[in-house]
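Student: Chains A, B, C and D supply the protein sequences, listed in that same order.
Note that the first sequence covers residues 1 to 293 in the working numbering.
Note that the second sequence covers residues 1 to 397 in the working numbering.
Note that the third sequence covers residues 1 to 279 in the working numbering.
Note that the fourth sequence covers residues 1 to 357 in the working numbering.
These are computed hints drawn from the structure, not numbers from a lab.
Check the hints yourself; a few may be wrong.
Stated by the list, open to error - Computed list of lysine to any residue pairs in SDA-like fashion (alpha-carbon distance at most 20 Å, straight line):
no., chain 1, residue 1, chain 2, residue 2
1, B, 228, A, 133
2, D, 5, C, 157
3, B, 304, A, 114
4, C, 252, C, 41
5, A, 32, D, 128
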Amino acid sequence: MTFLSYLVSGLSLGSIYAIIALGYTMVYGIAKMLNFAHGDVIMIGGYMSFVATAHLGWPPLASVLLAMLVCTVLGVVIEQLAYKPLRAAPSLAVLITAIGVSYFLQNAALLIWSSNPKSFTSVVRLPSLKLFDGQLTISSVALVTILACVAIIIGLTFIISKTKIGKAMRAVSEDKAAAQLMGINVNQTISVTFAIGSALAAIAGVLLCSAYPILMPTTGAMPGIKAFTAAVFGGIGSIPGAFWGGLLLGLIEIFGKAYISTQLSDAIVFSILILVLLVRPTGLMGRKISEKV
Amino acid sequence: MRTTRFRILSLVLALGLFVLAGCSAGPTSTTAGTTTAKPAAAIKIGGIGPLTGGAAVYGSSVANGAKIALEEVNALGGLQFELKFEDDEHDAEKSVNAYNSLKDWGMQILCGTVTTTPGIAVSAESFKDRIFTLTPSASSTSVIEGKDNVFQMCFTDPNQGIASAQYIAENKLGSKIAIIYNNADAYSTGIYEKFISEAAGKNLQVVSTTTFTDDTANDFNVQLTAAKNAGADLIFLPIYYQPASLILTQADAMSYEPKFFGVDGMDGILTMENFNTDLAEGVMLLTPFAADATEARTVAFVAKYQAAYNEVPNQFAADGYDCIYAIYEACKKAGITADMDAAAICDKMIAAFTAADFNIDGLTGENMTWAATGEVAKAPKGMVIEDGAYVGMQGGN
Amino acid sequence: MNNLAKMVPVPSRAIIPERDLGSTPILEVSHLGISFGGLNAVEDFNIIVGRTEIAGLIGPNGAGKTTVFNLLTKVYQPTRGAILLDGKDTAGMSTMQINQAGIARTFQNIRLFQALSVEDNVKIGLHNQFKYSTLNAILRLPRFWDAERKAHDQALELLSIFNMEHMANDTAGSLPYGAQRRLEIVRALATRPSLLLLDEPAAGMNPSETEALMANIIKIRDMFQIAIMLIEHDMRLVMGICEGIAVLNYGKIIAKGTPEEIQANPAVIEAYLGQKKEA
Amino acid sequence: MKLTKTGQKRLVSNSITYGMVVLAFILVQIVDSTGHLTSSLRGQLVPICAYIVMAVSLNLTVGVLGELSLGHAGFMSLGAFSGVIVSLGLRDMVGAGPLRLLAALLVGAVIAGLFGFVVGVPALRLRGDYLAIVTLAFGEIIKNVINTIYVGIGPDGLRVSMSDQASLGLGETGTVILRGPMGAVGVDKLASFGAGIILVLITLFIVLNLVHSRSGRAIMAVRDNRIAAESVGISITRYKLTAFIISAALAGAAGALYALNYSTVVARKFDFNTSILVLVFVVLGGIGNIRGSIIAAAVLTVLPEMLRAFNDYRMLAYAIILILVMLTSNNDRLKQLRWRFIARFRRGTPQQEVDHE
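With the hints as constraints, model all of the structure from the sequences given.
Tutor: Following this line, the structure appears as structure tokens:
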């Protein structure tokens, strides 16, 4: 029974990591950049939903939509202002810029919403699910999170494989120059990717704050790093990789805490990550890098 | 690329110099970090604490509380103070930088630092420089150890750990105790260590000890399940209120209802914006300050604070407020004037603080006195949360 | 030129036996093969190269010529077959060990150390000729100075083969295309190989440059007394200097022989004509 | 030895680099002796030196070896804590501060170098972002583990525990050096600006000499073209490891210098953000450009202090400056403008401005 409850916690935490990791991995797959500001977009999404429900009295679903809208716009604006001019620049330059954007968002949030933590009211307002005569309690947020994650991965897979923009995304991620020759608008495709990634970040932000209801300007930082880890774990650039990487990371974190040590849970998570990468150098689902000689 | 970066660097340098020029030319006291610059004869008090980063809430609260006290004191028309509060991002290096920058400004008395690790680094410097230091909330004994010029406004961590264990034992609050603490935090670990050694002497049975770090402070299901499985009927939380609020929420979600016992870091949980105070029902804590106490001094402070910052003050704000008053009283007693140098002030202030007849009534305690070690003596109040408000616990001292 | 005399005696062409039939061949490859994802890229590749032979490997695009080079230098580990270098089995060797054992190569798409100077590129080729430890380097002990001086002299000597000494301080990436190809050959030579593999050395060169290259390839063989195997599309070069030629199509050798024999071979003609039709 | 043209240029360039550091030291001494040095700047001198060593050593990994490391602070941490343990452990035996500092720096470097080897052997098999994530993970593991370690000196030598202070069993006479999350407390402030400058010079000596040697060329060959490097008989693993270990060891020395400048040091200080901070120095100073790293580390350490006048907007301003600098330095139109500007002054040698990145 305890095991099952850990399993649910792990899946729920893992689902959040997975949704964030999807944003990382999509942007990486297409723009070949590590968007370290992604975690902070999550935080902005959380604040938006918070402001809508707690200050404006909006219903939960409307607040989620507002968060998605704001984050989408924010993601595209960041891309246009900060990343687009650097398309030809070395990747480290883009990385540093992304870190600059991350600092900017955190400190802007600090000025707007102050450093006082806000208590987030869960957008899922259903009672917990009680199983086995109440021995196992599953919170509704955990269930919604897991379901949302599965829905997102299905939806995303559909978009990528079936729609026109999805095909454009795949083409751009394979070969930017060739895609351009085939008449694909590369800049637009990258913008759309940022938009989708940021909308996902908003959902992740709302779910993160619903499951762990505390909101601070630094809320997104650590989940951001963990999700980045998850994305690499699964094989960066791969969408199913981000999904499985996120889930596994969440499970390892919870089970590591439960059965090995709460003190060393981070060390356990990261050690397993290193071990996995040693066995599979490009992550669980990553494509093998082959060099043309 | 070589030459490229050079131009860039000169650009950065130029920007930096521009900023520097801007700061020396413009008035330094118009921005938020500095208040109430009196034209003449003001004693310069420096403040240091985190205003940005993850610990910003503590620093901002102290700064805000101190500012309110400063305005009140200056309005009395006697001694005049000027306060400059610098950010240290809860980092020892940045804190020493802030301290040095305050020295350049001409700081005569230091009200800082807010957090422990920077406090240890800075108090070593202020001890060497002979600048009187009163920390509002850096609670580790290492901050004051071996430094005659450093005093604390808050309890030391060991004190809290011992007091909590005694309180729980004397009032028979729980038979099986679980502890969840932050093993990456000096404050939390400090209290935990003393609690556990004191608990052994008091025959308290600790059945589960689990930890978390700042990086894993979101999911507490494992810790709570461990406590529940061990049959704990009381969970001791020597942690700050943000993770505590998560623990309460998650315990509720898993229908686990032990007693929760917190320390002063727990204060603030009721006033956290949008927090469902029902979850904190029955939570006990030892704290020197409660924002909804009915005593006149607190009521006035809370009203002023809310008017100025649109937030309910927490214990840190109260500590900051009390610090300024303690400094004010000591200055009056020691006959300190703005033209004295920091070292002279330091000796007089030490004498004043340790004098037998020096005691302060503040927001965080009545009749506070200081030992030569720098430790404060005041009584922690046992509080229990009932109907979303603190109520004094029966049997409390 | 007098510097060169120190390195190796320059023999006259006359003393080089036609296919040095008397001594053990430098390279003996038998039944070499590799599969990528079930597809046989190279199959049953057999070849023998004499100690001072200039051998040609030709064939239509995609025939697997570069794959053979990658197999010989262990960039790919062969799935089947054996490679004997100077009579010794090379199984289990890495690219690095192969080079130390005596095979050096150039690349079809030039792989120079673009950001470094021409001289440094050659010195990197001399890596295993003038050794000293990292500690020697950091502390600048006498051994460092001694080895660096020798490496410098030797690098300039090698560059002089192609009259490139004056470019020593230029950045490799800034050289014209042809010079980059020549630099790659110099770098490979610096490793003191007994077998030099040249992957399309004349690609992108005009006829007069190719002419000079042909002379230089022979000069290198004569000077260093080594075997050279080259992949090339320029038939004038191949037929002009190669003593033995192997023709590859779809990963298999379809013909072997002297230039004259190859030119007359109907299978070769068909392979080339067939390819032309497709193109 | 007769110098070649490249050799001469190198000598001049290296002399400028060394000279710059020595000059900065002399300048600070002069300003200090006339009483014009602000406390703020004086307080930052040692951390600046430590960050310069960090930046130069990370540049060895990122610029010269061409591998992205996001866990450089982990090595700094190892150096810091082993340095502190050594300096406190020797307190009763060795009286002289400089000697203890030297011992701390050496042990810090050796321990960090050792871990550089342990991490490097498996990690360097990976490439690009996968290597980066392993270094990141390593930094986090170090932080997490040091947070749970307690070290003390009792009558019978060093004692280590993973649970708590009490379990060290030191008794009355022992001193606790490392207290888990509280870190090391009561550290002697042995570091000085002079020692910092010497460490910077030694670092430069090591890195510059390494780069301009057989080993350095091999490392750069691995960076520029792995397959070509192998094809000329260079051992990829060996030279990757050489660079990585030297880089780690120097970071360890920097960590020891840094830690011995404050009376306390905690593991949390050396987290991901510190690794990123040093990476920012390297990128802004120019990847592979040692002198740029020195300047960037110094300027960007001082900059946030200068920005104190902005108060609440300080870190926001820092973020904006960071973004703007990256945008302007990578803007093609501005670049061309600059080339034209430079060409006017250096007519005749435009090919030297070839951009390698």
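Student: Now, for every hint given, state plainly whether the structure supports it.
Tutor: Hints versus structure:
{"no.": "1", "hint": "B:228 <-> A:133", "verdict": "holds, 16 Å"}
{"no.": "2", "hint": "D:5 <-> C:157", "verdict": "holds, 17 Å"}
{"no.": "3", "hint": "B:304 <-> A:114", "verdict": "holds, 18 Å"}
{"no.": "4", "hint": "C:252 <-> C:41", "verdict": "holds, 9 Å"}
{"no.": "5", "hint": "A:32 <-> D:128", "verdict": "holds, 12 Å"}
Checked against the numbered hints above, the structure violates none of them.
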